[in-house]
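Q: Sequence:
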Amino acid sequence: MLHTDEQRQSQDLDFVVAEQITNDEFLDKGYKIDLQRGRKFTPRGYKIDVYHERSLNDILLEYIIKTADTIPVDNKGTTVNTISLEGLIVAKFRAGRDQDIEDLQRLSIRCESKIDWNEIKNLTKNDVEYHNIEQAIRLYTS
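Counting in UniProt numbering, the sequence shown runs from 1 upward without gaps.
Hints were generated in silico from the structure; no laboratory data involved.
Ideal placement from N, C-alpha and C gives every residue a C-beta, glycine not left out.
Certain hints may be false.
Said to hold, decoys possible - Have a look at the derived ranges for each label pair, beta carbon to beta carbon:
(1) 52 - 30: 19 to 29 Å
(2) 116 - 51: 32 to 42 Å
(3) 65 - 113: 36 to 46 Å
(4) 102 - 47: 11 to 21 Å
(5) 117 - 70: 36 to 46 Å
(6) 27 - 141: 42 to 52 Å
(7) 127 - 29: 35 to 45 Å
(8) 118 - 70: 14 to 24 Å
(9) 102 - 70: 18 to 28 Å
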């Protein structure tokens with residue numbers, strides 16, 4: 001949503017953090033925690049996944065943090081750091097769920113001219129994955 005500026009009903013939010021956040025810190029910020037299921041929810045009820053030690057669809061967390069895009073979210077100067085467009089495209093492509101494919105279609109239509117293909121190349125595992133992503137993006141925009 002932040003890259004396309006289009007609303008959609010999110011099923012969850014993924015957070016990448018440089019330092020681990022304790023359950024007490026989440027609770028202090030108004031988050032809810034279901035200890036039995038090991039799930040966390042925002043104050044608005046969105047399920048969140050927090051990545052601190054493992055990669056996000058084989059994208060290193062250090063890379064995500066280093067290349068994050070800063071996007072304004074209101075007219076008061078509030079910004080949010082979010083995964084780069086290229087990182088999001090690769091992560092969505094690798095996840096491959098129905099919602100991820102829909103997200104890729106939206107990203108392709110709204111952001112094709114902004115894609116840094118050299119960065120996509122750097123993130124992909126091999127030429128086959130790169131060409132599959134390139135082909136998918138081109139298909140969605142045609």
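Q: All hints, please: hold or fail.
A: Evaluation of the provided hints:
1. Checked against the given bound of 19 to 29 Å, the beta carbons of residue 52 and residue 30, roughly 20 Å apart, stay inside it.
2. Taken as a hint, the range 32 to 42 Å is violated for the pair residue 116 and residue 51, whose Cβ atoms sit roughly 23 Å apart.
3. A hinted range of 36 to 46 Å for the beta carbons of residue 65 and residue 113 is inconsistent with their spacing of about 26 Å.
4. In this structure, residue 102 and residue 47 meet the distance hint of 11 to 21 Å, their C-beta atoms being roughly 18 Å apart.
5. Residue 117 and residue 70 have their C-beta atoms about 22 Å apart, which leaves the hinted 36 to 46 Å range violated.
6. In this structure the hint that residue 27 and residue 141 lie 42 to 52 Å apart at CB holds, the actual value being about 44 Å.
7. Our hint of 35 to 45 Å for residue 127 and residue 29 holds, since their Cβ atoms are close to 43 Å apart.
8. Look at residue 118 against residue 70: about 21 Å separates their beta carbons, and that is inside 14 to 24 Å.
9. A hinted range of 18 to 28 Å for the beta carbons of residue 102 and residue 70 is consistent with their spacing of about 25 Å.
Checked against the numbered hints given earlier, the structure breaks hints 2, 3 and 5 and satisfies all the rest.
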